[in-house]
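Engineer: For reference, each letter of the sequence shown is one residue, going 1 to 199 in the working numbering.
Hints in this document: simulated from the structure, not taken from any laboratory. Here the structure is a predicted model, which means the values were calculated and not measured. Just so you know, even glycine gets a beta-carbon here, dropped at the ideal spot from N, CA and C. Please note: incorrect hints may appear among the correct ones.
[Said to hold, decoys possible] Distance ranges between label pairs, derived from CB positions:
1. Lys-67 x Gly-26: 39 to 49 angstroms
2. Pro-4 x Arg-172: 12 to 22 angstroms
3. Arg-158 x Val-42: 41 to 51 angstroms
4. Arg-88 x Gly-45: 18 to 28 angstroms
5. Pro-48 x Gly-12: 12 to 22 angstroms
6. His-143 x Gly-12: 24 to 34 angstroms
7. Ala-155 x Gln-16: 29 to 39 angstroms
8. Gly-123 x Thr-3: 41 to 51 angstroms
9. Ala-11 x Val-151: 15 to 25 angstroms
10. Thr-3 x Trp-181: 37 to 47 angstroms
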Amino acid sequence: MITPIPPVVPAGRMAQHQQPTFVLPGGRELRPWRETDADVLVASGLDPDIVQWNRVEQLSPAAARGKIADWGRRWTEEAAAIWAISRRDDDRAVGLMGIGDFDLRGGSAEILYWLLPAGRGEGAALDATVRVSRWALEELGLHRLRLTHSVGNPASCRVAQRAGFALEGTMRSALLHADGWHDEHLHARVAGDPWPAGS
């Protein structure tokens, strides 16, 4: 008789709690997106780097508000966890940090992020990646997180490696960008991997 394998993360564990807020170094925090952040999403669709590497779409203010509402529903549905990276002094969102492609039963998910120019160059992506990864692996109970990026995006490669995501290989012609098909690096960390010093 084959014994059923129980889910790594039981259904309902995530949805039974409100989405948390996390304090980050450098006067920043991770918090749920709000309707008043819609202009930040609109700006992300106009930023060449975000459009190139994250393939975001241009949004009207109304569509941006709809997307933010959808992210709230996706938390309740245990389908995604999307945070704003914001400055604590003025509460202004400067980027996005998220976990998508949840497989709670199998214990895995994918990290994603972007930063507007106002949030770049100060370690925000690294700090947010480490904090959300800790939550996903140590608090939620996932076993494996992956992070992928175009091989043409060395900044994301540095974030992944500094956050303790081992480079596992190169996926050939894995994602279609505006300028054609890109090879992608596959990084991952699993529960029990050491955390970066000082994190």
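Engineer: Each of the hints needs a verdict: does it hold here or not?
Structural biologist: Consistency of the hints with the structure:
no.: 1; hint: Lys-67 x Gly-26: 39 to 49 angstroms; verdict: violated, 27 angstroms
no.: 2; hint: Pro-4 x Arg-172: 12 to 22 angstroms; verdict: violated, 36 angstroms
no.: 3; hint: Arg-158 x Val-42: 41 to 51 angstroms; verdict: violated, 28 angstroms
no.: 4; hint: Arg-88 x Gly-45: 18 to 28 angstroms; verdict: holds, 25 angstroms
no.: 5; hint: Pro-48 x Gly-12: 12 to 22 angstroms; verdict: violated, 41 angstroms
no.: 6; hint: His-143 x Gly-12: 24 to 34 angstroms; verdict: violated, 18 angstroms
no.: 7; hint: Ala-155 x Gln-16: 29 to 39 angstroms; verdict: holds, 36 angstroms
no.: 8; hint: Gly-123 x Thr-3: 41 to 51 angstroms; verdict: holds, 46 angstroms
no.: 9; hint: Ala-11 x Val-151: 15 to 25 angstroms; verdict: violated, 36 angstroms
no.: 10; hint: Thr-3 x Trp-181: 37 to 47 angstroms; verdict: holds, 43 angstroms
Checked against the numbered hints given earlier, this structure breaks hints 1, 2, 3, 5, 6, 9; the rest are met.
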